[in-house]
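Chains as they are written, first to last, in my numbering: chain A, 1 to 346; chain B, 1 to 346.
It is worth saying that the hints were derived from the structure and are not from the lab. Even for Gly, the Cβ is constructed at its ideal location relative to N, Cα and C. Be careful, since some hints might not be right.
As the list claims (entries may be wrong) - Partner residues aside, some chain B positions facing chain A, computed with beta carbon under 10 Å:
(1) R228
(2) A248
(3) L253
(4) L264
What the hints assert, rightly or not - Every beta carbon over 10 Å from chain B, so not counted as near; a handful from chain A, in silico:
(5) G35
(6) L47
(7) D75
(8) T84
(9) N98
(10) E129
(11) P148
(12) R185
(13) I283
(14) K295
Protein chains: 2
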Amino acid sequence: MTALAPRARHRAERAVVFGAGTWGTAFAAVLCDAGTPTTLWARREELAGAINDKHENLDYLPGVRLPDGLLATHDPAEAASDATFVVLAVPSQTLRVNLAAWTGLLPADALLVSLMKGIELGTTKRMSEVIAEVADVPAQRVAVLSGPNLAKEIAEKQPAAAVVACDDEDAAAAFQTSCTTPYFRPYTNTDVVGTEIGGAAKNVIAIAVGMAEGMGLGDNSKASLITRGLAETARLGTALGANPMTFAGLAGLGDLVATCGSPLSRNHSVGVQLGQGRPLHDIQQPMRMVAEGVKSSESILELATKHDVPVPIIEHVVKVVRGELTPSQVLRALMSRDLKSERLDA
Amino acid sequence: MTALAPRARHRAERAVVFGAGTWGTAFAAVLCDAGTPTTLWARREELAGAINDKHENLDYLPGVRLPDGLLATHDPAEAASDATFVVLAVPSQTLRVNLAAWTGLLPADALLVSLMKGIELGTTKRMSEVIAEVADVPAQRVAVLSGPNLAKEIAEKQPAAAVVACDDEDAAAAFQTSCTTPYFRPYTNTDVVGTEIGGAAKNVIAIAVGMAEGMGLGDNSKASLITRGLAETARLGTALGANPMTFAGLAGLGDLVATCGSPLSRNHSVGVQLGQGRPLHDIQQPMRMVAEGVKSSESILELATKHDVPVPIIEHVVKVVRGELTPSQVLRALMSRDLKSERLDA
Numbered sequence: 001m002t003a004l005a006p007r008a009r010h011r012a013e014r015a016v017v018f019g020a021g022t023w024g025t026a027f028a029a030v031l032c033d034a035g036t037p038t039t040l041w042a043r044r045e046e047l048a049g050a051i052n053d054k055h056e057n058l059d060y061l062p063g064v065r066l067p068d069g070l071l072a073t074h075d076p077a078e079a080a081s082d083a084t085f086v087v088l089a090v091p092s093q094t095l096r097v098n099l100a101a102w103t104g105l106l107p108a109d110a111l112l113v114s115l116m117k118g119i120e121l122g123t124t125k126r127m128s129e130v131i132a133e134v135a136d137v138p139a140q141r142v143a144v145l146s147g148p149n150l151a152k153e154i155a156e157k158q159p160a161a162a163v164v165a166c167d168d169e170d171a172a173a174a175f176q177t178s179c180t181t182p183y184f185r186p187y188t189n190t191d192v193v194g195t196e197i198g199g200a201a202k203n204v205i206a207i208a209v210g211m212a213e214g215m216g217l218g219d220n221s222k223a224s225l226i227t228r229g230l231a232e233t234a235r236l237g238t239a240l241g242a243n244p245m246t247f248a249g250l251a252g253l254g255d256l257v258a259t260c261g262s263p264l265s266r267n268h269s270v271g272v273q274l275g276q277g278r279p280l281h282d283i284q285q286p287m288r289m290v291a292e293g294v295k296s297s298e299s300i301l302e303l304a305t306k307h308d309v310p311v312p313i314i315e316h317v318v319k320v321v322r323g324e325l326t327p328s329q330v331l332r333a334l335m336s337r338d339l340k341s342e343r344l345d346a
Numbered sequence: 001m002t003a004l005a006p007r008a009r010h011r012a013e014r015a016v017v018f019g020a021g022t023w024g025t026a027f028a029a030v031l032c033d034a035g036t037p038t039t040l041w042a043r044r045e046e047l048a049g050a051i052n053d054k055h056e057n058l059d060y061l062p063g064v065r066l067p068d069g070l071l072a073t074h075d076p077a078e079a080a081s082d083a084t085f086v087v088l089a090v091p092s093q094t095l096r097v098n099l100a101a102w103t104g105l106l107p108a109d110a111l112l113v114s115l116m117k118g119i120e121l122g123t124t125k126r127m128s129e130v131i132a133e134v135a136d137v138p139a140q141r142v143a144v145l146s147g148p149n150l151a152k153e154i155a156e157k158q159p160a161a162a163v164v165a166c167d168d169e170d171a172a173a174a175f176q177t178s179c180t181t182p183y184f185r186p187y188t189n190t191d192v193v194g195t196e197i198g199g200a201a202k203n204v205i206a207i208a209v210g211m212a213e214g215m216g217l218g219d220n221s222k223a224s225l226i227t228r229g230l231a232e233t234a235r236l237g238t239a240l241g242a243n244p245m246t247f248a249g250l251a252g253l254g255d256l257v258a259t260c261g262s263p264l265s266r267n268h269s270v271g272v273q274l275g276q277g278r279p280l281h282d283i284q285q286p287m288r289m290v291a292e293g294v295k296s297s298e299s300i301l302e303l304a305t306k307h308d309v310p311v312p313i314i315e316h317v318v319k320v321v322r323g324e325l326t327p328s329q330v331l332r333a334l335m336s337r338d339l340k341s342e343r344l345d346a
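Model the full structure from these sequences, guided by the hints.
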């Protein structure tokens with residue numbers, strides 16, 4: 001991870017953000033605020049039109065005034081033309097299908113940047129792997145952005161830091177420059193695997209912490225779950241080749257703590273409602289936005305099983321999501337089983 | 001850190017807890033619930049009498065029914081006689097004076113256990129060092145207990161885990177047995193330095209996180225402060241000989257997250273009020289209980305300076321406590337300066 005250094009900006013740099021959900025919209029505003037001409041692609045023509053007319057995304061980020069320079073479109077060809085940075089912010093499990101429709105439109109030398117935090121069901125691939133495969137580009141052309149970045153707080157221009165990870169440090173530095181503002185400070189890092197595993201697993205751990213909260217447990221129990229959740233995330237990431245120190249940083253501990261502390265997190269909120277005894281389908285129905293952790297819990301468990309890494313908290317979240325155990329059975333199991341096996345030095 | 005193993009209990013095991021504040025009282029109840037005959041020493045005769053009469057500590061833990069078997073006394077000789085475990089839970093900066101008055105009363109082979117989280121002003125000694133020096137016992141006779149242990153939640157018997165650290169693993173295991181209950185699970189560890197530094201520094205980091213909260217900043221900023229605060233704590237601890245992994249565990253990350261998340265923490269609450277612009281002397285006056293972090297911030301900074309370890313967050317808390325900087329000046333400084341220097345791999 002290198003310090004932030006001012007860097008000459010190419011005149012032609014331009015970004016497109018595919019996906020006008022909460023984070024895609026908030027991050028498009030960051031790019032504009034950093035001086036990068038940016039287009040936001042929305043699936044629905046009405047939403048793109050409304051963003052252009054009102055400078056507000058009433059569906060996903062109501063109450064936040066978007067930069068005047070931010071243009072929205074529902075035409076992917078128009079959005080992608082001349083883009084130096086192609087930022088992908090669609091639901092993880094739809095990435096493959098969406099990206100396949102866009103690959104012919106993307107400039108040949110663009111850097112593809114993932115804002116997504118999930119693991120693909122069926123393939124257990126990380127988002128950057130799906131991107132490299134579908135777009136048929138080398139890993140050096142794919143970056144990921146992660147960190148303690150609750151979208152609504154960033155849209156309100158509250159101070160936040162993030163990690164831009166890419167095998168190609170120059171590419172990471174170029175993207176870093178394109179999205180640095182006085183309130184948003186990204187750092188570069190070459191640990192793509194650790195950055196993505198930290199981001200994907202924290203959504204699942206946040207569900208577990210939310211369940212404890214929904215059951216009325218306090219900060220001692222929640223802090224123990226966060227501690228042991230980060231330990232199992234680091235164990236999985238390290239088995240996949242990540243640098244263990246990534247999990248002590250912004251994309252590991254930082255992102256996990258922000259998510260578990262916030263009422264703004266959908267994953268945390270799903271967990272709270274599960275802990276209060278509501279069935280999953282009742283919770284998800286009225287949610288316009290996807291709780292990534294619900295789907296990713298299955299794929300992360302599959303990934304961990306393939307690599308023989310025990311992830312007891314994630315495994316128990318899967319059992320609740322499947323309806324095999326209740327949250328109180330799970331917390332009882334974790335409090336006896338996992339505590340027994342905890343080793344600080346393992 | 002070893003797994004919890006059932007252990008034969010000596011028939012004569014008996015504990016005394018010196019200090020009937022919130023944590024001393026709550027922990028005395030844990031010992032009783034674990035089946036260890038326990039006496040609670042209170043400075044004031046009225047408080048000891050009220051605890052014996054009402055089975056409640058109205059001053060420090062109102063609303064919590066204490067075990068019938070818990071005896072309180074204000075006579076230190078009566079309290080200490082025949083104790084196998086002498087548990088010390090007085091304000092950190094009063095430990096030296098208090099303990100000096102009791103040393104003649106303590107059984108020769110007792111294990112002295114610190115519940116305190118602070119660094120002595122003037123000497124920059126950890127609590128276990130002060131104990132060994134004043135009681136004139138080897139380090140093997142001194143243990144420390146730490147972890148995500150908000151006293152009120154433990155008094156309500158909510159599930160919590162903790163760390164018992166001692167150079168002598170058998171001594172740690174004996175004390176572990178004496179305080180294990182279905183809701184309180186201690187683990188043993190031989191890293192006394194890391195356990196104590198984690199506990200002392202987190203009170204100061206919690207003040208910084210509280211300041212951010214009091215200024216209206218959200219979970220992204222708080223999570224960044226927690227991440228970087230733990231990194232500087234680990235840097236200091238490692239320089240003093242601690243195992244860096246201790247900071248990723250219950251006595252590091254776990255304790256820090258519980259404290260920073262909780263409205264029950266005095267240190268966190270002092271920070272929130274500082275962040276809202278109240279001067280320190282206005283905050284401390286009505287507080288019956290001490291916010292350890294206010295005093296320890298100075299001694300931890302002195303310790304870090306002695307060992308040439310940069311601790312920017314702790315240093316800035318000291319400047320606010322001294323009235324040299326306002327919380328908003330401090331957060332501005334941290335957001336520019338510290339972010340620039342952050343290295344995940346450092």
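Tested hints:
The beta carbon of R228 of chain B comes within 9 Å of a beta carbon in chain A, closer than 10 Å, and the hint placing it at the interface holds. Restraint check, A248 of chain B versus chain A: the minimum CB separation of about 7 Å is within 10 Å; hint holds. Interface hint at L253 of chain B: satisfied, since its Cβ lies 5 Å from the closest Cβ of chain A, which is below the 10 Å cut-off. With a least beta-carbon distance of about 7 Å to chain A, the hint placing L264 of chain B at the interface is held under the 10 Å criterion.
The beta carbon of G35 of chain A sits about 19 Å from the closest Cβ of chain B, which is more than 10 Å, so the claim that it is off the interface holds. Non-interface call for L47 of chain A relative to chain B: holds, since the shortest CB-CB distance, roughly 26 Å, exceeds 10 Å. Remark: the non-interface label on D75 of chain A is consistent with the geometry, its nearest Cβ contact in chain B lying 33 Å away (cut-off 10 Å). Remark: the non-interface label on T84 of chain A is consistent with the geometry, its nearest Cβ contact in chain B lying 25 Å away (cut-off 10 Å).
Consistency note on N98 of chain A: stated as away from chain B, and its beta-carbon is indeed over 10 Å from all of that chain's, at 27 Å minimum. With a minimum CB-CB distance of about 22 Å to chain B, E129 of chain A clears the 10 Å threshold, and the non-interface call stands. Against chain B, the non-interface label of P148 of chain A is violated: not every CB pair exceeds 10 Å, the least being about 4 Å. Listed as outside the interface, R185 of chain A is inconsistent with that label: its C-beta sits roughly 5 Å from the nearest C-beta of chain B, within the 10 Å cut-off.
At roughly 21 Å from the closest C-beta of chain B, the C-beta of I283 of chain A stays outside 10 Å, upholding its exclusion from the interface. Chain B leaves K295 of chain A outside its interface by the beta-carbon criterion, the shortest separation being 23 Å against a cut-off of 10 Å.
Going down the numbered hints, you'll see the structure goes against 11, 12, while the others check out.
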